[in-house]
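Trainee: Just so you know, we're using our numbering here: the sequence shown kicks off at 84 and counts up by one.
Each hint should be verified, as a subset may be incorrect.
Label pairs and their calculated CB-CB ranges [what the hints assert, rightly or not]:
id : residue 1 : residue 2 : range
1  : 230       : 357       : 17 to 27 Å
2  : 281       : 135       : 45 to 55 Å
3  : 223       : 120       : 32 to 42 Å
4  : 288       : 120       : 41 to 51 Å
5  : 110       : 281       : 46 to 56 Å
6  : 130       : 223       : 46 to 56 Å
7  : 337       : 246       : 12 to 22 Å
8  : 216       : 288       : 21 to 31 Å
Bear in mind the hints are in silico, worked out from the structure with no lab data behind them.
Ideal Cβ placement from N, Cα and C applies to all residues, glycine included.
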Amino acid sequence: MSKKRKETKIEKQPRHVVLKRRQPNRSRVGDFFVYLFLLLMAVAMVFPLVYAIESALKPLDELFKFPPTVFAQNPTLDNFSDLFVTMGKSWVTFSRYIFNTVFITAVGTFGHLIVASMGAFVLAKYEFPGGQAFFKVVTVAMMFSGYVTSIPNYLIINSLGWIDTYWAIIIPAFALPTGLFLMKQFMEGLPTSLIEAAKIDGANEWRVFSGIVMPNVKPAWLTLIIFSVQGLWNNRAATFIYSEEKKTLVYALQQIQSGGIARTGQSAAVQVIVMAVPICIFILSESQILETMASSGLKD
84 MSKKRKETKI
94 EKQPRHVVLK
104 RRQPNRSRVG
114 DFFVYLFLLL
124 MAVAMVFPLV
134 YAIESALKPL
144 DELFKFPPTV
154 FAQNPTLDNF
164 SDLFVTMGKS
174 WVTFSRYIFN
184 TVFITAVGTF
194 GHLIVASMGA
204 FVLAKYEFPG
214 GQAFFKVVTV
224 AMMFSGYVTS
234 IPNYLIINSL
244 GWIDTYWAII
254 IPAFALPTGL
264 FLMKQFMEGL
274 PTSLIEAAKI
284 DGANEWRVFS
294 GIVMPNVKPA
304 WLTLIIFSVQ
314 GLWNNRAATF
324 IYSEEKKTLV
334 YALQQIQSGG
344 IARTGQSAAV
354 QVIVMAVPIC
364 IFILSESQIL
374 ETMASSGLKD
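Let's have the full structure, built from the sequences with the hints guiding it.
Mentor: Here it is, written out as structure tokens:
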């Protein structure tokens, strides 16, 4: 009888346990202050961008108005039209400056992505003598700014005969340590079993790299593209390139900024044009870039 009673008691117990919804520890007042703080931080981040755009739309009299206003009272595009007129008077066409900048940025970014990704794949998924020491050298290289390495870079580029060529800017961009460090740290979270399964199925090294590794680290290389484009697009290249027909767009626009008070409106338009491309690329890939600091979702 006692066994039957125990069995009936066990049968009467519910099979599924209903979990209670976890209540947040904060009160509504606490949530209000959290959202208020986030709102204030968002306004502080957006304000410089809004002010730069509004300054580019202001006529000359509003740019010198005191106290200054944030929004343009009589918005106009005269600053941009005057900028294009000024650039059109140069003996080097405006399209040539654009071509130089786009070519350097595109080739440098593509090469940096390929070199950094391939090097990071080897360091993250293969063990070989000197691998750890090499990565430590890469980490230490990130500590040095461009001002420290400018003289050695110039001597090396000069000895290679790349002065006054595009390659003086493009080739050094391939070996930036930031991209290698970023890609290597992200690829370490990729399951090794996934790579081994692909090799068992007959995939070679290039197939594993291009068809499996790169699609799974998409947030990392999109972030790498943002950093590389920003660095190359804003590179004046004045140290290595001397010919005017090979100058970058940023260098030409910054020469306009040094034209005095009369070109204050054009200088405001220059700021918007220079920062437009990196911001647009970031907006287009924002959702993927935010995943860089999170895990890829794949586990061994």
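Trainee: Run every hint past the structure and note whether it holds.
Mentor: For each hint, the structure was consulted:
1. 230 x 357: 17 to 27 Å: Roughly 21 Å apart at Cβ, these two residues keep to the hinted range, so it holds.
2. 281 x 135: 45 to 55 Å: holds (48 Å)
3. 223 x 120: 32 to 42 Å: Cβ of residue 223 to Cβ of residue 120: about 37 Å, so the range 32 to 42 Å holds.
4. 288 x 120: 41 to 51 Å: holds (49 Å)
5. 110 x 281: 46 to 56 Å: Holds, since residue 110 and residue 281 (Cβ atoms, about 51 Å apart) stay within the stated range.
6. 130 x 223: 46 to 56 Å: violated (37 Å)
7. 337 x 246: 12 to 22 Å: Hint holds: Cβ distance 21 Å, inside 12 to 22 Å.
8. 216 x 288: 21 to 31 Å: holds (23 Å)
Going through the hint list in order, the structure does not satisfy hint 6, though it satisfies all others.
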